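Just so you know, the sequences run in chain order A and B.
First residue of the first sequence? That's 1198 in this note's numbering, and the numbers climb one at a time after it.
First residue of the second sequence? That's 2 in this note's numbering, and the numbers climb one at a time after it.
Hints listed in this document are in silico derivations from the structure and should not be mistaken for laboratory results.
Quantities reported herein were computed from a predicted structural model and do not represent experimental measurements.
The beta-carbon is built from N, C-alpha and C at its ideal position, and this holds for glycine as well.
With the C-beta cut set under 10 Å, the calculated list includes, among others, these residues of chain B facing chain A:
#	residue
1	GLU17
2	THR31
3	GLY32
4	TYR54
5	PHE60
6	HIS65
7	ALA69
8	TYR73
9	ARG79
In silico contact screen, one side only, chain A against chain B (beta carbon under 8 Å); selected entries:
#	residue
10	ILE1300
11	PHE1303
12	ASN1307
13	ARG1315
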Amino acid sequence: MTDARIRLRITRRAVLSAAGLAGIAAAAPRLAFAEEEETSLLTGLFGMLPAPSDRVRLDMPPKFSSGYTVPLDLTITGPMTDAAYARAVHVLAPRNPLFRVAIFHFTPANGEARVSTRIRLAQPQHVIAVAEMSDGPLLMARAWVEVESDGCA
Amino acid sequence: MPEPRVISPKTAAKGEIFQIRSLITHQMETGLRRDEAGAVIPRKIINEFVCRYNGETVFRVELHEAMAANPYLEFYVRADESGTLEFTWAEDGGAVFSTSRDLTDT
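Could you build the full structure based on these sequences and the hints that come with them?
And the structure:
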């Protein structure tokens, strides 16, 4: 087993154990495991499951040849007012050896909660964006990206 | 030597939301690679980017290992007043790189 795979297991197991689901996750069938894995990761990080929302627009290419520099466009739609704005948006790549990508901290002075950047992906996966709104809600979206090379290698 | 590059307009109408494009040349060593001898190459990345507008933080990013090399960030700022936009990048180990651009409200 390569180092990257060992590191992946340690990272995920730490989160799964924290969520108390390691035993259940280990026994689950392969397809269901991917969903449970994402659920465990999110509840482990945020204490609850964010709600999928059309307001979180995570635009990424469905297929991309280089895992080293995959374009990512993120917009949280809706007005940015002092009362309600996207205060922090977390981007996660659960199938990377290290799943954290970035956290974007917006303020009303941005005018728009919108950013474009480029990320590394190790293998095909759902990239996840979780928006913490200043007035409370946790919203999320995911984008499937089929990368054709390992950008973490 | 990491080199910051920023494209930002010199003028903007008051209240206009304008685009800023920023990049810093940087390997963004993830800590996952090994050298020819088999030793792990330690992590060394830009871990934070901050944009301040007349001293106030308007946009901040925590960067982790899954950000690509030569981190590129394109974002937006509302032109409230004339002044200076300052951009800083913090590297693992404490080095800070920065540049600034003036903005005139029209």
